[in-house]
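Starting from the known structure of chain E, arrange chain Y on it as the hints suggest.
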Amino acid sequence: MKIAICSEGPGLDSAVDRRFGRCPHYVFVNSEGKIIEEAANPSVGASGGAGVQAAQFIIDQGADVLLTGNVGPKALAALSTSGIKIYTGISGSVADSFSQYQQEKLTPITDSTVPQHFGMRGGGGGRGGGRGRGGF
Amino acid sequence: MILAIASGKGGTGKTTVAVNLALALEENEEVQYIDCDVEEPNAHIFLKPDFGSTEMASIPNPEVDENKCTYCGKCKEVCSFNAIAVFKDNILVFSELCHGCGSCAYFCPEKAITEVPRDIGIVEKGVAHGIDFIHGLLNPGEAMSPPLIDAVKGEMDSQKVIIIDAPPGTSCPVVTSVKGADFCLLVTEPTPFGLNDLSLAVQMLRKLDIPAGVLINRADIGDKRVEDFCRREGVPVLMHIPFDEELAKLYAKGEPVVLHSSIWRDRFRGLWTKITAASDAAAGKETERKEVDAG
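Just so you know, the sequences run in chain order E and Y. The first sequence begins at 55 in my numbering and counts up by one. The second sequence begins at 696 in my numbering and counts up by one.
Possibly wrong hints are sitting among the right ones.
Said to hold, decoys possible - Capping the alpha-carbon separation at 27 Å, the derived lysine-lysine pairs in DSS-like fashion look like this:
(1) Lys139/E with Lys159/E
(2) Lys783/Y with Lys763/Y
(3) Lys56/E with Lys771/Y
(4) Lys139/E with Lys783/Y
(5) Lys139/E with Lys771/Y
(6) Lys980/Y with Lys874/Y
(7) Lys763/Y with Lys806/Y
(8) Lys902/Y with Lys985/Y
(9) Lys56/E with Lys783/Y
(10) Lys948/Y with Lys820/Y
(11) Lys969/Y with Lys985/Y
(12) Lys743/Y with Lys948/Y
Just so you know, these hints were derived from the structure itself, not from any lab. Because the structure is a prediction, the values reported are computed rather than measured.
The following block holds chain E by itself, in its conformation from the complex (with noise of 0.2 Å):
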């Protein structure tokens, strides 16, 4: 078990960024909350398409879970053509987000929960909050 998380930098006590393509980093914990792996988002700095990439990317790290804010509409078609599971509301700690999910208190999507460019902006206007539907 792989689960991504969206943060602002390396190691368990960083805090979590909201965004999905544009987060600076990523940790990768196994179900027991261990670090696996890190790595910096390579399309952090993307004039286009971050959303798009930043999927390739952790669909390619072998992901099997992912922990994010918010995800828009790319970065959902192209990460629901691998069966990952994506969980939104995170928030504190990479620590913090990974008890939240331990927890259940995550929403489990399928549709995304901010319009495109979301992420460009650095917040704010987007309709938030999740549609959760369950049933993964």
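Same frame as chain E, now just chain Y:
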């Protein structure tokens, strides 16, 4: 002669100047008006052309034959715009990110990608007051304006005096519009905002190696810093247009001033004389520079 009329800042009077210049020249020259502001074209409001033809403009987008695709990922690697995602048994194309460069089809080892046109807007051609008029209309929500601008510019007739009305700013659509021009007239206003964006536009034109001159609109308001900037940077100021109630009233009615005033027609003809002189001087310097470089 290809003259581009541009500005860093929006709303400085590019179209007003371009339209009046075109009309002032039309009596003695064959003039072509190319409105490259495809996101919000508005020169037709002044010139009221009769449009004779409309053509669709498109960009090529990849279409993948999944029977041939082996999901090797080469197309994704060569795409600079993240328009393709490839997974172990799946491939996705994001058309709205595609710039139509054709690299994916070119590099696909299986020849699984063909390029199919995607409409991005239309090109309309017509005649107004004896001027050959061409503009483009980008589909709302479409991000890829440069290919449409190229399609509009594809209608240029080098036998004529070509006036290109560029969009504001200094990014891709503006670069696409002014590229290939012999001279660029930058329309600005004497305000801190006009100055800031003028200096960006001057830097852009230096990178493109296009000689520039400046027209200061609403010249009797604001401050002298635009003049100081032009002197310091060696960019000639070719015309001043005052902040004038009559001009504003005509503008408000969508009327070009040269159709109502022979004084203004002569002033715009005077501007053209200065533009051609400045363009010739710049071309002369360029030849000199090349001769020096050649030893």
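Inset, instruction - Given the hint that Lys980/Y pairs with Lys874/Y, test it: the Cα-Cα distance must not exceed 27 Å. - result: 20 Å, holds
Legend entry - 27 Å limit on alpha-carbon distance, applied to hinted pair Lys139/E and Lys771/Y: Status holds; Cα separation ~23 Å.
Inset, instruction - Quickly compare the C-alpha distance for Lys56/E and Lys783/Y to 27 Å and report which way the hint goes. - result: Holds: Lys56/E and Lys783/Y sit about 18 Å apart, inside 27 Å.
Legend entry - Pair hint outcome, Lys969/Y versus Lys985/Y [Cα-Cα no greater than 27 Å]: 24 Å, holds
Legend entry - Pair hint outcome, Lys763/Y versus Lys806/Y [Cα-Cα no greater than 27 Å]: 7 Å, holds
Inset, instruction - Measure nothing beyond the straight line between the CA atoms of Lys56/E and Lys771/Y; if it is 27 Å or shorter, mark the hint as holding. - result: 24 Å, holds
Inset, instruction - Compare the distance between the alpha carbons of Lys948/Y and Lys820/Y with 27 Å, and conclude whether the hinted pair is satisfied. - result: 24 Å, holds
Legend entry - Proposed proximity, Lys783/Y with Lys139/E (alpha carbon, max 27 Å): 17 Å, holds
Inset, instruction - Quickly compare the C-alpha distance for Lys743/Y and Lys948/Y to 27 Å and report which way the hint goes. - result: Between Lys743/Y and Lys948/Y the Cα gap is close to 13 Å, so the pair holds against 27 Å.
Legend entry - Proposed proximity, Lys763/Y with Lys783/Y (alpha carbon, max 27 Å): OK: Lys783/Y and Lys763/Y at ~14 Å, within 27 Å.
Inset, instruction - Measure nothing beyond the straight line between the CA atoms of Lys139/E and Lys159/E; if it is 27 Å or shorter, mark the hint as holding. - result: Holds, at about 15 Å.
Legend entry - Agreement of Lys902/Y and Lys985/Y with the hint, judged by alpha carbon distance not exceeding 27 Å: 17 Å, holds
Against the hints set out earlier in the document, no violation occurs for any number.
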